[in-house]
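> Next come the chains, spelled out residue by residue.
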Amino acid sequence: MRNLLAANFARLWRDKLFWIGMAVMAGLQAFELSMLYVEHLQYGVENHLENVLYVYGVFGPIVMSVFLSMFLGTEYSDGTLRNKLIVGQRRSHIYLANLMVCGAAGLLFSLANLLVSLALGIPMFGLRVPVLSVVTHTLCTFFMILAFAAIFTLIGMLCHSKAFTVAVSILLVFGFFMVGLVVKQCLMAPEMESHYEMSVDGEFVETDPQPNPKYLRGTKRKFYEFLDQFLPGGQILANSRMMEESDNDRTLVLYDVVWVVLTAGGGILLFQRKDLK
Amino acid sequence: MEYCLTTSRLTKTYGRFQALKDLNMHVPKGAIYGFVGKNGAGKTTLIRIICGLQNPTGGSYQLYGVDQNQKEIVSIRRRMGAVVETPSIYLNMTAEENLKEQYRILGMPDFSGINDLLELVGLAGTGKKKVKNFSLGMRQRMGIAISLAGNPDFLVLDEPVNGLDPQGIVEMRELILKLNRERQITVLISSHILDELSRLATHYGFIDQGTLVKELSAKELEQACQKSVCLTVSSAKAACQVLDRKKLEYQVKSESELEIYGKISVTDLTLALHEAGCDILSLREREESLENYYINLVGGESHA
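Going down the list, the sequences are from chains A and B. Residue 238 in numbering that gives the first Met the number 0 sits at position 239 of the first sequence, with consecutive numbering throughout. Residue 74 in numbering that gives the first Met the number 0 sits at position 75 of the second sequence, with consecutive numbering throughout.
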């Protein structure tokens, strides 16, 4: 497997698309920080670095979906996967080596974004939160990136068509994101809600709080909470701090590990049985 | 005889379609084995299976005597190289970069053999030219270079001259012969271009509808294809004495039938047999090309 890893990484380093992905990840963050700084200078808006420090949790899976599909799809489109099998490399090793290089590529994309945040963001806005908290949350987000890498590896290793792999991977990221938003909105519905009614004097009066029928209760709520934490879409929202602070880092990491193990295990099993052309 | 590859009742089905049916095959060490069959006969399916790209539904195969299910098959595959259908090469890389990548996969200690390999396949001067800009012939040779990276002693080539121009076909033929003669590499070539195969192959296997219908050496094939005279006589024994005297190559088919190979003078033969007291009951001239042989073998009616 060492040989396969050496070959995969050598191909990664000389892949133009990989460096374009790195530039996009770094550039997006530099642009976002610049905009926030201009906003701060012009309108005096108080912006904080920690609000945008983890946005690679959103950009990362999108850039990864494109790059990893192309990277893995090339093995099928150019037929080079056959070269590995013909000379006796085991299918499980080929799958794991690809998973590792995909995970590494995802982490490097995230690091490119994070390093720009730290290099430009700290001088611009300073850092209000403790360094330990940043490190802990960064690690948590990295696990989510690895879970996405495992999902894209599964798709890339089982689909013959590069175009199909790219399309499915991109749609999956946005699909996860949309499902995550819907689940989050359902969970955020208040338990009690009040209405405003117009009184006889023509004034608006707030009614007594009534139970909200949209509020999820019991098993249904637990199930939605599980989906929110387990599905990568919900994790994007939690890890990027887009909607709320997450205090479930450990649970999220556990679910990420579950994703990696399930997709890698299932992927290897299916890849072993796959008839290649 | 020592074999590089043997298959035993190899079967492969895709859904309800049976691509290979109880296929038995023997590729002798040192041979150039021409694997002949029409499109869809099962040539590529067999090659995919022996290259480990697909698993057989039934039966088994052995590479250098090692069964497909034995653990050692992984290391035995290191002795193999193959170009299956299209050459497996990274189009965005140069010839040298492609070979470096394959060297890494093989775990070769250094890249010192790359220049020699490029020289061997005639791609030494390609420099920084990307493989996507190569001609079809160059890509085929690049594919062979990749398959030779691990110094294999068994090379599998699936339709290597498909789509090549006459010059490319000649170059490919010379390369295959060179590899076989100078490096003692056993070559399995699948093709339906019989004329081209007949210039290379030392052994043949004819496949039809997933079954190997005939396996024979080039010498046997030559004998089967060469011009001959089929003779029915009153006594084959007497005829043999005459033919031995005349030093003619022949084969006794039955007590009254003989097949004489090569060009003969019918008048001389008739007189000699008459003197020996042997009557000629019938005489028929026969000439068969490899194409005719193949079509007769796999059923002419389907090729009409």
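Possibly wrong hints are sitting among the right ones.
Computed from the model, here is a short list of chain A residues facing chain B with C-beta under 10 Å [what the hints assert, rightly or not]:
no., residue
1, R1
2, A29
3, E31
Only some residues are given here: those of chain B computed to face chain A with a beta carbon under 8 Å [what the hints assert, rightly or not]:
no., residue
4, G51
5, L52
6, I104
7, L105
8, L247
9, V251
Keep in mind that the hints were calculated from the coordinates and are not lab data. Built from N, CA and C at the ideal position, the CB exists for glycine as well.
> Hint by hint, work out which the structure violates, then give me just those numbers in ascending order.
2, 3, 8, 9
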